[in-house]
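Protein chains in written order, with my numbering: chain A, 3 to 705; chain B, 3 to 705.
Treat the hints as calculated values from the structure; they're not laboratory data. Among the clues, some could well be false.
Identical copies carry no separate label here, and so any pair may be met within one copy or between two of them.
When the alpha-carbon atoms are kept at most 25 Å apart in a straight line, the in silico DSS-like pairs for lysine-lysine are as follows [as the list claims (entries may be wrong)]: (1) K538 <-> K439; (2) K526 <-> K439; (3) K655 <-> K413; (4) K588 <-> K488; (5) K439 <-> K557; (6) K557 <-> K488; (7) K130 <-> K96; (8) K270 <-> K246.
Protein chains: 2
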Amino acid sequence: MVHNHPLDQLSGDEVRAARQAVLNARKAHVLFRNIYSVEPAKAELIKFLNAEHAGTLSPETPRPPRRARVQYDVVYDDRSHEYMESIIDIATGKEADLRRVDRGVQQSLTVDEFREFNNVCIESDMFKQAIKDLNLDEKFEVAIDPWPYGGPDVGEVTPRYTQGLCFAKLRHENPDTNHYAFPLPIIPVMDTYKKEIIRIDRLATGGTEDGLASGTVGEKVLEHCRPAEYVPELLDRPVRNDLKPLNVLQPEGPSFTVGDDSLVEWQKWRFRVGFTPRECAVLHDVHYDGRSVLYRLSLSEMTVPYGDPRPPFHRKQAFDFGDAGAGRAANNLALGCDCLGVIKYIDAMLVDSEGNPSLSKNVVCVHEQDNGIGWKHTNFRTNRAVVARSRELVVQFIITLANYEYIFAFKFDQAGGITVETRATGIVSVVNIDPGKVSPYGNVVSPGALAQNHQHIFAVRIDPAIDGHANTIVTEESLPIPMNPKTNPFGNGYEVVGRAVTKSSAIHASPFTNLTVKMTNPNKINPISQRPVAYKFIPSPSQLILADPESIVAKRAAFAHHHIWVTKYKDHELFAAGEFTNQSQKEVGGVADAVARNDTVENEDVVVWNVFGLTHNPRVEDWPVMPVEIHQLHLRPADFFDRNPALDVPANKNLSSVEVGRDTDETCCHTDVTTNGSGLVQAAPTTHLQGTGSIPMTDVNGQ
Amino acid sequence: MVHNHPLDQLSGDEVRAARQAVLNARKAHVLFRNIYSVEPAKAELIKFLNAEHAGTLSPETPRPPRRARVQYDVVYDDRSHEYMESIIDIATGKEADLRRVDRGVQQSLTVDEFREFNNVCIESDMFKQAIKDLNLDEKFEVAIDPWPYGGPDVGEVTPRYTQGLCFAKLRHENPDTNHYAFPLPIIPVMDTYKKEIIRIDRLATGGTEDGLASGTVGEKVLEHCRPAEYVPELLDRPVRNDLKPLNVLQPEGPSFTVGDDSLVEWQKWRFRVGFTPRECAVLHDVHYDGRSVLYRLSLSEMTVPYGDPRPPFHRKQAFDFGDAGAGRAANNLALGCDCLGVIKYIDAMLVDSEGNPSLSKNVVCVHEQDNGIGWKHTNFRTNRAVVARSRELVVQFIITLANYEYIFAFKFDQAGGITVETRATGIVSVVNIDPGKVSPYGNVVSPGALAQNHQHIFAVRIDPAIDGHANTIVTEESLPIPMNPKTNPFGNGYEVVGRAVTKSSAIHASPFTNLTVKMTNPNKINPISQRPVAYKFIPSPSQLILADPESIVAKRAAFAHHHIWVTKYKDHELFAAGEFTNQSQKEVGGVADAVARNDTVENEDVVVWNVFGLTHNPRVEDWPVMPVEIHQLHLRPADFFDRNPALDVPANKNLSSVEVGRDTDETCCHTDVTTNGSGLVQAAPTTHLQGTGSIPMTDVNGQ
């Protein structure tokens with residue numbers, strides 16, 4: 003593979019070269035965690051991108067050097083590990099930089115560590131005894147979900163730990179039987195490097211009447227539990243048979259193109275899809291119609307603290323990007339993306355623990371979809387309606403974190419808008435609860451299974467480049483004006499008050515003043531409105547982290563205390579909760595520290611972090627797999643263009659649509675068979691409406 | 003047409019019978035406004051519906067009598083009007099009730115009044131002089147948009163008025179040239195019944211420097227304005243040619259049925275689509291899988307106050323349901339709905355000013371759409387992904403109010419959810435502004451055209467029937483617990499505090515406490531969670547009305563001061579801002595008055611009103627037709643079911659989807675041709691990817 007672009011992922015050969023360089027330099031037992039491309043410094047990359055956009059790229063254009071970041075442990079003879087990072091210059095094979103990281107911090111978990119945790123548990127006498135004490139029925143085996151250890155308690159000094167939530171799984175011919183229906187009230191804790199179970203935490207199983215006490219873990223903790231299957235072949239009721247196919251066909255193919263270097267072009271949009279093991283898909287250099295909008299857009303972090311105060315549930319707090327890595331947890335989508343229409347998949351280059359390249363197929367998908375009416379006006383004088391549909395381009399990835407799934411999508415529309423969508427789905431985290439009890443800390447979603455109340459708090463990192471890199475963030479609020487003869491004689495007036503953010507800041511959402519965040523370029527004035535060109539968004543006023551500010555849970559997620567953080571751009575400052583979240587006791591190097599630098603951010607290279615979330619107090623309907631909970635962040639142009647950018651979207655009638663109409667014979671429907679603009683004949687199906695009964699179809703597509 | 007159901011619209015014959023009954027009774031000159039079916043009293047209707055759901059309907063089942071509400075003016079010889087309402091018993095042709103309405107209130111505007119306003123202006127010497135004073139270029143003619151007069155000022159006693167926003171329209175061979183680009187700084191006011199222009203209000207055209215003063219209306223108020231066309235054939239740039247067709251095909255037809263009596267059945271949902279001239283589509287008797295969810299669901303009211311304090315702009319305040327009537331303003335959708343897939347249209351029975359039936363075709367559309375992934379889980383042990391798409395049923399209508407459009411949709415999903423969606427689009431209301439000036443009261447979106455800041459505040463009326471009619475509304479908030487050894491030793495715990503609404507109340511949204519409104523049935527307990535069955539929603543914390551509480555603007559929209567109103571059910575109490583909004587000076591008989599009754603609403607027949615809005619400070623991108631601004635209200639089951647109701651949605655791969663894949667030859671894409679569950683062969687198109695260039699297609703559907 004020839005690498006044309008500095009934002010390309012590493013090739014297999016480049017991974018191998020970086021691996022070898024580290025092995026040569028260390029001459030030790032190395033356990034590889036990640037090898038991936040180092041994003042060039044912005045100052046360097048901009049020069050290249052400017053030449054690219056100006057159309058002046060040539061073989062002589064200086065290119066930022068290709069560099070790999072290699073993250074690995076050196077394993078010493080005493081089984082101790084030292085975590086290091088090397089920056090390898092690919093062209094020379096030289097180690098350009100070596101960073102020996104303080105042993106007090108922990109890198110994210112790897113799949114190998116997950117696997118090992120399971121093995122260590124199974125062979126641990128302590129664990130075996132704990133399971134024996136539970137006196138499980140013969141029909142069960144044990145299934146363990148490895149989790150990050152959460153934040154150690156005040157004063158607790160921990161080596162690298164992994165903890166596990168344990169479940170009983172029916173011995174079943176079907177390996178996809180759902181073990182989450184049978185939660186076991188123990189959490190084993192492993193010393194990760196020593197590969198030893200050092201403790202088994204016993205979990206409370208009580209209800210409201212038991213307070214924080216452990217409840218009465220009975221002899222038969224699972225007797226009252228019952229299966230909760232979700233794979234179709236195990237369902238206890240038939241699947242619906244009245245859902246008829248709805249097919250999206252794109253007879254002329256998609257309207258987008260994806261180049262080998264992950265350059266995506268669609269409807270005046272042009273951007274690159276990058277990938278990192280931690281963030282998964284990252285968007286770079288987002289342009290609309292030749293104008294710069296964003297330098298970089300990424301999901302930065304999320305934390306999921308559980309609100310059950312009974313220890314050790316305070317350590318159920320995952321940082322799914324920092325503790326696990328969204329890129330490494332990403333689904334291979336051909337297996338189950340099941341998007342409609344024409345789909346393009348993008349692969350990701352990962353490595354195994356030996357440092358060998360391992361291509362993860364189909365990690366990101368790109369497709370188009372219809373999102374209803376985009377704009378419409380009917381002239382009531384002539385009855386002429388002009389209506390344009392809204393087509394969207396979706397760049398999507400899906401991550402699985404043990405029981406839970408997140409679906410992340412960047413959606414581009416034809417009106418210059420970008421939406422960052424998150425969908426939460428998967429299986430809610432449950433713990434055992436005694437028969438007949440209910441709990442203030444969650445909801446019983448299945449007999450014996452308490453789904454604990456929790457929050458999901460996300461951070462999106464927006465690196466704007468609104469017609470250039472010097473931008474100013476402005477907050478705008480709509481405020482009442484008291485009725486007065488001079489400025490508001492009839493009391494209907496209100497004012498829009500804008501404030502430029504001059505210093506790096508944390509800002510709260512304020513829905514009742516309609517607080518809007520504008521990312522402006524004060525150096526470029528819209529000639530029509532005479533206001534600076536801008537993109538804007540209204541930050542969702544989600545509930546922020548509920549944990550006590552003095553708690554470890556809250557301190558390690560300082561980012562979760564404000565909806566907006568405005569910081570000055572700094573190379574490689576990408577993670578809202580800091581670089582090392584796994585087993586952290588407080589946020590270090592995250593947005594709070596960045597804001598504390600008190601940088602000037604007016605007319606500067608500025609970064610905006612948007613924090614939003616979902617307080618999830620589960621419903622029975624969230625079981626056994628929850629319907630998606632959707633959140634959308636909308637970035638929209640505000641005086642960036644000279645009109646509605648979607649005004650030139652063709653307002654054609656879609657000729658494949660069919661009306662279930664009424665003819666003289668009310669039981670028969672008419673059919674449109676018409677010619678579309680491209681000269682192709684679209685044969686629409688014939689429908690026959692029979693009273694209020696079902697509507698059988700004859701497919702006339704030549705089949 | 004045989005009428006089977008008490009919720010059916012009137013037939014043409016019924017309209018004629020009602021009309022004749024009124025003419026017989028009044029023996030006067032009658033100007034008809036509306037004739038439509040009277041919804042039976044709930045107590046009566048429930049008996050019928052219960053029999054219907056029990057399957058015990060028979061010819062002997064008592065039916066509520068068919069009744070028509072006839073709204074009309076009696077026009078006296080002195081040209082004065084008296085507004086009356088008759089209730090006509092259809093079977094007997096008798097006037098069951100007559101209501102002579104106080105002349106101090108005004109019924110909504112009719113299309114005829116709109117038309118007359120235009121004629122009266124054109125013939126008015128005062129208006130002609132005002133236009134002459136503007137010294138318009140020969141190339142223009144005048145176009146007038148009739149508006150409701152807004153709220154008269156304190157102490158102003160008004161007969162029925164209509165006001166008009168005036169524009170210049172290019173004399174053009176194309177009647178759809180956009181006159182809104184040329185706003186004229188006058189508002190004529192008509193005495194509606196006398197058909198006389200009684201005043202011409204002169205509008206300020208100044209900018210920031212002019213304050214409330216009128217600005218300097220120049221000799222040539224339009225010289226700096228420029229065309230802003232939106233109909234495709236008049237665009238000054240070509241439409242996009244790179245948007246390829248995206249077709250939704252339903253080869254086996256839709257999954258829904260719509261009966262003659264507008265009974266809709268789809269995916270365990272069953273409800274009736276009713277229609278009124280004021281509310282447009284109304285949903286009745288909404289059931290899921292045989293269980294009652296809602297008795298009635300409707301858009302109740304909206305108000306659009308403008309925030310420009312310069313008089314007379316304080317009278318730019320429309321109540322689009324009460325002043326105009328959403329049903330009468332509804333688009334005939336076949337003209338421009340352009341939904342995808344298989345669409346069923348529903349007609350509406352209206353009347354002309356003679357009281358004759360006038361069928362408005364295709365006012366409501368029903369279709370299915372895909373809304374992305376509905377739920378997904380991947381078993382990381384086996385890599386088995388199970389994913390179900392979310393299919394939605396959409397019941398949609400679109401209203402045009404002069405310059406502006408609203409798209410309203412009720413969406414049903416397979417997980418028991420109902421979404422009420424509003425999309426705002428159309429042309430923003432603009433007024434003239436002097437050359438080169440900008441204004442604090444809006445944004446210059448086109449030279450000479452100031453789009454004024456305004457709000458849209460909507461009210462949705464939800465009449466729940468959660469497993470029956472005795473329901474209790476509960477608010478739930480998630481609140482922090484200070485860290486303390488006894489109940490929250492590590493500080494991660496939080497509590498969910500529920501409060502039953504015992505008396506009719508107004509409630510504010512509270513996003514930072516995650517305030518959730520639960521509509522519960524305290525008499526039915528979910529056997530799994532042991533909590534009352536419920537539906538819930540999180541009220542959007544939209545900005546409420548900004549006008550000074552003492553202003554007429556605010557007083558006539560008391561409903562716009564709170565997000566949630568909880569009232570005791572009362573027959574025919576349907577309108578959040580009261581029955582008569584046109585020219586009102588305060589809200590009478592709206593939700594505030596209903597709450598003031600201080601009714602007991604616990605375990606009672608209760609109604610919930612949700613108010614939400616959009617503060618719209620226009621962008622240049624909103625011109626000349628604005629991209630949709632979308633708001634969604636989600637009603638979701640909360641412990642209503644015993645599991646995720648969508649668990650039985652088939653998790654099949656959609657076989658018509660195509661992967662733009664990579665084979666050994668990177669320029670060629672592979673094609674899936676596979677068999678779907680129904681035995682039909684879906685031939686997917688073949689794509690040929692040529693580098694990053696275009697992707698030509700061969701349609702293989704036998705054509």
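At 25 Å max between alpha carbons, let me know whether K439 reaches K557 within a copy, between copies, both or neither. Answer is neither; intra-copy 33 Å and inter-copy 50 Å both fail.
Up to 25 Å CA-CA - K413 versus K655, copy category: both (24 Å within a copy, 23 Å between copies)
Indicate which option fits the pair K130, K96 if close means a Cα-Cα distance not exceeding 25 Å: within, between, both or neither. neither (48 Å within a copy, 85 Å between copies)
Pop the pair K557 and K488 into one bin, within, between, both or neither, using alpha-carbon distances up to 25 Å. The answer is between: 21 Å across copies meets 25 Å, while 49 Å in one copy does not.
K538 and K439: within-copy, between-copy, both or neither at 25 Å Cα: Classified as between: cross-chain Cα gap 23 Å, same-chain 48 Å, threshold 25 Å.
Alpha-carbon proximity between K588 and K488, which holds within one copy, between copies, both or neither at 25 Å: between (53 Å within a copy, 24 Å between copies)
Measure nothing new, just compare the shortest in-copy and cross-copy C-alpha distances for K526 and K439 to 25 Å and report within, between, both or neither. between (63 Å within a copy, 18 Å between copies)
Quick one: K270 to K246, C-alpha cut-off 25 Å, is that within a copy, between copies, both, or neither? Between copies only: 14 Å across, 35 Å inside.
When each numbered hint is compared with the structure, violations occur for hints 5 and 7.
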